[in-house]
Structure formats: structure tokens, C-alpha cells
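In case you want the letters, here they are:
4 protein chains.
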Amino acid sequence: MPPISDRITYRPIYGDCDRMGVLYNANYLRLFEMGRTELLRKSGLSYDEFEKMGFILPVARARIEFKKPVKYDEPVDIITSVKTHDRIKITFDYEIRNSEFLLAAGETVHTTLNRDGKLIEVPEFLVRILEGERFHK
Amino acid sequence: MPPISDRITYRPIYGDCDRMGVLYNANYLRLFEMGRTELLRKSGLSYDEFEKMGFILPVARARIEFKKPVKYDEPVDIITSVKTHDRIKITFDYEIRNSEFLLAAGETVHTTLNRDGKLIEVPEFLVRILEGERFHK
Amino acid sequence: MPPISDRITYRPIYGDCDRMGVLYNANYLRLFEMGRTELLRKSGLSYDEFEKMGFILPVARARIEFKKPVKYDEPVDIITSVKTHDRIKITFDYEIRNSEFLLAAGETVHTTLNRDGKLIEVPEFLVRILEGERFHK
Amino acid sequence: MPPISDRITYRPIYGDCDRMGVLYNANYLRLFEMGRTELLRKSGLSYDEFEKMGFILPVARARIEFKKPVKYDEPVDIITSVKTHDRIKITFDYEIRNSEFLLAAGETVHTTLNRDGKLIEVPEFLVRILEGERFHK
Numbered sequence: 001m002p003p004i005s006d007r008i009t010y011r012p013i014y015g016d017c018d019r020m021g022v023l024y025n026a027n028y029l030r031l032f033e034m035g036r037t038e039l040l041r042k043s044g045l046s047y048d049e050f051e052k053m054g055f056i057l058p059v060a061r062a063r064i065e066f067k068k069p070v071k072y073d074e075p076v077d078i079i080t081s082v083k084t085h086d087r088i089k090i091t092f093d094y095e096i097r098n099s100e101f102l103l104a105a106g107e108t109v110h111t112t113l114n115r116d117g118k119l120i121e122v123p124e125f126l127v128r129i130l131e132g133e134r135f136h137k
Numbered sequence: 001m002p003p004i005s006d007r008i009t010y011r012p013i014y015g016d017c018d019r020m021g022v023l024y025n026a027n028y029l030r031l032f033e034m035g036r037t038e039l040l041r042k043s044g045l046s047y048d049e050f051e052k053m054g055f056i057l058p059v060a061r062a063r064i065e066f067k068k069p070v071k072y073d074e075p076v077d078i079i080t081s082v083k084t085h086d087r088i089k090i091t092f093d094y095e096i097r098n099s100e101f102l103l104a105a106g107e108t109v110h111t112t113l114n115r116d117g118k119l120i121e122v123p124e125f126l127v128r129i130l131e132g133e134r135f136h137k
Numbered sequence: 001m002p003p004i005s006d007r008i009t010y011r012p013i014y015g016d017c018d019r020m021g022v023l024y025n026a027n028y029l030r031l032f033e034m035g036r037t038e039l040l041r042k043s044g045l046s047y048d049e050f051e052k053m054g055f056i057l058p059v060a061r062a063r064i065e066f067k068k069p070v071k072y073d074e075p076v077d078i079i080t081s082v083k084t085h086d087r088i089k090i091t092f093d094y095e096i097r098n099s100e101f102l103l104a105a106g107e108t109v110h111t112t113l114n115r116d117g118k119l120i121e122v123p124e125f126l127v128r129i130l131e132g133e134r135f136h137k
Numbered sequence: 001m002p003p004i005s006d007r008i009t010y011r012p013i014y015g016d017c018d019r020m021g022v023l024y025n026a027n028y029l030r031l032f033e034m035g036r037t038e039l040l041r042k043s044g045l046s047y048d049e050f051e052k053m054g055f056i057l058p059v060a061r062a063r064i065e066f067k068k069p070v071k072y073d074e075p076v077d078i079i080t081s082v083k084t085h086d087r088i089k090i091t092f093d094y095e096i097r098n099s100e101f102l103l104a105a106g107e108t109v110h111t112t113l114n115r116d117g118k119l120i121e122v123p124e125f126l127v128r129i130l131e132g133e134r135f136h137k
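If you're matching them up, the sequences are chains G, X, C and E in order. Once you know that position 70 of the first sequence is 70 in our numbering, the rest is easy, because the numbers rise by one and skip nothing. Once you know that position 54 of the second sequence is 54 in our numbering, the rest is easy, because the numbers rise by one and skip nothing. Once you know that position 13 of the third sequence is 13 in our numbering, the rest is easy, because the numbers rise by one and skip nothing. Once you know that position 50 of the fourth sequence is 50 in our numbering, the rest is easy, because the numbers rise by one and skip nothing.
This is chain G alone, in the form it adopts within the complex (with noise of 0.2 angstroms):
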């Protein structure tokens, strides 16, 4: 079964943009989040509510690589994938496109923990969604 995939499309406000009228570097790892987390929604379970039972998936590494410029009030593509997991690390890959080039690529990897702060096995229910199965509540 393929890693599970979303595309959502984000267009910089000001706010976002450093005095190069571009993109600032950390707010690339926002874009991250937000493709993330729409990616787990697709699935039938949002991140908010998988943080209401209990559990959390803080990120333990990130790495972006920065090709050409997202530019300000240009509507950019979020493509997330759940690259590879295991029974105690996800990690999700991203591309930031525009209709010409990828922009930028990177990873987030991320640990489980629960309700307490300890690091537990990807929860079972969680690794069937990575693979593409729809949640039922």
C-alpha cells in the first residue's frame, strides 16, 4: 500500500515574509504543520482529536532545503507524504511547489507520547491511517 499523500495550497500573508519580500526561513516549518495536519484530517481523525485521547507527536528532527524563493501573495503548493514509519518514529516528507518549480523539500520526524510526556509504540490505530486506512470514530 503507498505512503498516503495530501496537497493543500497556501498563499504567504506579509506577516509571513522577511525584508527580502520572501518567505522567512522558520515559517517554512509552519507550512510543514499545516500540511501535516490536513493530511491527518483527510483520514477521518484530526490532529486535535488525537490529541484529546491522550497522545502527542511532537517532532524529534526537521530538515528543509531551501531551492528557489516562495514569494510573497504567491499561492504555493503543500505536499505531504508519510514517508516511512516504524513502531516509534513517523516521518512525514514535504515539497513546496508553484506551478514552475519545487521551491523547497523537507522532513519532520516524529515520536509518540502519551498523556503523562513518555514516549510510547506509535499507537496501533495510527499505524493502520499511516497506511492509508480511513479512521472510524
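These are calculated hints, taken from the structure and not from any lab test. Computed from a prediction, not measured in an experiment: that's the story for all the values here. Using N, Cα and C, we set each Cβ at its ideal position, and we do this for glycine too. It cannot be assumed that every hint is accurate.
To be verified - Reference listing, derived: stretches of chain X covered by chain E, where coverage requires no fewer than 3 residues with Cβ under 8 angstroms from a Cβ of chain E:
| # | segment |
| --- | --- |
| 1 | 6 to 19 |
| 2 | 85 to 93 |
Claimed, not checked - The calculated DSS-like cross-link candidates involving lysine-lysine, where the alpha carbons are at most 30 angstroms apart (straight line), are:
| # | chain 1 | residue 1 | chain 2 | residue 2 |
| --- | --- | --- | --- | --- |
| 3 | C | Lys89 | X | Lys118 |
| 4 | C | Lys71 | X | Lys89 |
| 5 | X | Lys42 | X | Lys71 |
| 6 | X | Lys67 | C | Lys52 |
| 7 | X | Lys83 | X | Lys137 |
| 8 | E | Lys89 | X | Lys71 |
| 9 | C | Lys83 | X | Lys67 |
| 10 | X | Lys52 | X | Lys67 |
| 11 | X | Lys89 | E | Lys52 |
| 12 | E | Lys67 | X | Lys71 |
| 13 | X | Lys42 | X | Lys67 |
| 14 | G | Lys52 | C | Lys68 |
| 15 | X | Lys42 | X | Lys89 |
| 16 | X | Lys68 | E | Lys52 |
| 17 | X | Lys42 | X | Lys118 |
| 18 | E | Lys89 | C | Lys52 |
| 19 | X | Lys83 | C | Lys89 |
| 20 | E | Lys67 | G | Lys52 |
| 21 | G | Lys52 | X | Lys137 |
| 22 | E | Lys71 | X | Lys71 |
| 23 | G | Lys52 | E | Lys68 |
| 24 | G | Lys67 | E | Lys83 |
| 25 | E | Lys89 | G | Lys71 |
| 26 | X | Lys71 | X | Lys118 |
| 27 | E | Lys83 | E | Lys71 |
| 28 | G | Lys71 | C | Lys68 |
| 29 | G | Lys118 | G | Lys71 |
| 30 | E | Lys67 | X | Lys52 |
| 31 | C | Lys89 | C | Lys118 |
| 32 | X | Lys118 | E | Lys71 |
| 33 | X | Lys68 | C | Lys83 |
Since the structure of chain G is already known, use the hints to place chains X, C and E on it.
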């Protein structure tokens, strides 16, 4: 007894500025937060400790006048004062200045909520802090 | 002719929210920017194009009333209107609403600067846009 | 000659933290920017002056390891070093520490662009700064 007042310095980073090379309008409220937090800390009670005692001071209203731009990497003073306070509201007053000019002015009005999110009267120990008394743990 | 008005939807991300799990106070001004930008775009002239014509519309004053928290991941409507305008000032009015409540309200007052940063009168073509006319390129 | 290094302190504000009460993942890159900017300033040439000379140092790649949370209002040290540099790339290395632990580590790789946005070799005067020489205006 005069209202308490404090002055701190901040130097805007790239990530604070917009494509005009000046502090983005929303980020003035970040500077106001910095000023207010350091004003409270000097009383002997940090805002973090105040929250751990079971209270929060949400912003009910804010107002900003933008007079001259705050430039990238130019240190500015943030001058914070307690303007007024009564049984349910505290008003902080802010000025942002460089060595020559008043660049911005503003105020934030706060109420007090308890652990359950209910509006309560400003606690007596906080009133004393706002009037210039030092907090003793 | 009634003032022009527009409604967009925004869903706060993790990075927008503070440790109370609600939209951080400064970020309301980001939502106001989103509303204002989309209002202008619907007239046929984007703010980006307006700037490329050699004008900017800096914020001279802003005011926010925080009525109820805007929660993480809860979609809210941002309703933006032109409240008043005269030869040198434009006032935009904002409401943030969920399906039940008015969560916040505010306004921003803008002036017009030319390429050299000099205060100028609101350009005639912008006055017509503010009065509801469509911009023709 | 050893790579140059610098240490500054930062205390996360409410607006930096997410609803877990800890520094939001994107904001680590803001702390890296602060560290890098102050490291350059100590050489005698601020990044602002470097840009005014007609150069920019965009981030080409960034990497962050999140080891332990950076808490609201807890001062942390940001330790920035020049890790490597060659004719076209400069790599800065960052550690974020509290009094006990290494909380995060990371690096950013930068290239040099001239006024026209063209990739150029790292200017000779900047190479000397990166090797620990003081800049003389």
C-alpha cells in the same frame, strides 16, 4: 504612589520584520508582551509563577498607534507602565522609542481568570504589586 | 453605495496558538491582514499589485477587542469591511466569528505612502475601489 | 585557528510557545537567527551592514534536532559556531542549552548572493571574519 514602570531593550530580528524591512504590525504586541512580562518580574512575581498559582491575565482589549517604523536590527526601548487598575481591569501602557523618537504607543487591558476560566476580581496580592509593592514568596 | 465587505475562513494552526491552546493575541492582526488582503483582491487589484504600482498602505492605528478565545483548529470567519475613508485615511473593520459567537472585533486605520515613503492622498482609483467599483487593469 | 563561537541567552515569551507550553518547532529557527546575528556582530560587522554592502546570506539548508522541550519563560543559552566554510557555503552550528541539558542542536548552511540575486563566492573579507579576524570598517 505612582504606577510602576519598567524599560527594556529589544532588537528586531529578520523574522520580526516584513518586506518593508520594518517590524511587522502584529509583532508590536509581542514587544508589549515582553515589556509587561519583565515589568511583572521586577515585582518579584513572574507571570509564569502567577499562572502556576492558578490565575491568567488574558488581554481583553489592545490598541496600538504606529508613529514611525521600527527598523530591522535597530535597538528600541519598550517602556511599560501600569496605567490604571480597578477591581476587574488592569491597563498597561507602552511606548516604543529609539534614541530620538517615540516610534509607537499603545495599551492592553487585562482581566483575571481563575483555573476554571471564570472571570474573578483582580487578586489582592496583584493589586499591591500593581501599586508598587514587592511580592514576597 | 454601501462599504465593500468580504468573508474568509481561517483555521488556527499550532504555531498560531499560545499555551492556553488559543490564538495568541498578536496573531489576530495576522487574521486582520488576511481579511484585508482578500477584500482588496476581490476588487480586481491585489495589495501586491498596488505595491508594485508604487504605493504602500501602512497601518497607522489598530484596535482589537478580544471577546471569546479563538481555539486551535476551529475554523473561524474573518469578516472585513471598509468602515470609512477620507482623503488621507482608510479604516477597515473586522469581525472574527465562529458558528455561534462574535469572538473578536477590531479595526485598522491606514494611510498611503508613495515610493519615497511620503504621505500622499489616497489615490483616486483606490477611493473608487473602496466605494465598491471594480478595478480594471 | 578555531572556528568562531558565541553564546547569547533568550527567554521564550508566550507568543513563542505552543499549546504544550513549550517553544513551537518553527521558532527554533528564530533562535538560530538570533545566535548567528550576534556571532557576526561580535566580529565588528553586523549582518545589517553586510546587507547594506550589497550581499545577502540566504539559508540553503537547515536541520534541527529537538531533544528536550524549551519551556516558556525559562532562559536558555544559544551557542552558535562557524562549523565549516568553503568557497560557496558557510555552515553554522547551534546548540540550545539550559543549565542542565542540551535541549536542541542544529545547523544552517548559507550561500552568498549579490545585489542582483546571483550566487557568488563567499567574499574574502567574510572568509577572514569566519576565521576569527575582526572586521575593520
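- Item | Hint numbers contradicted by this structure | Per hint list: 2, 3, 10, 11, 12, 18, 21, 26, 28 and 29 violated.
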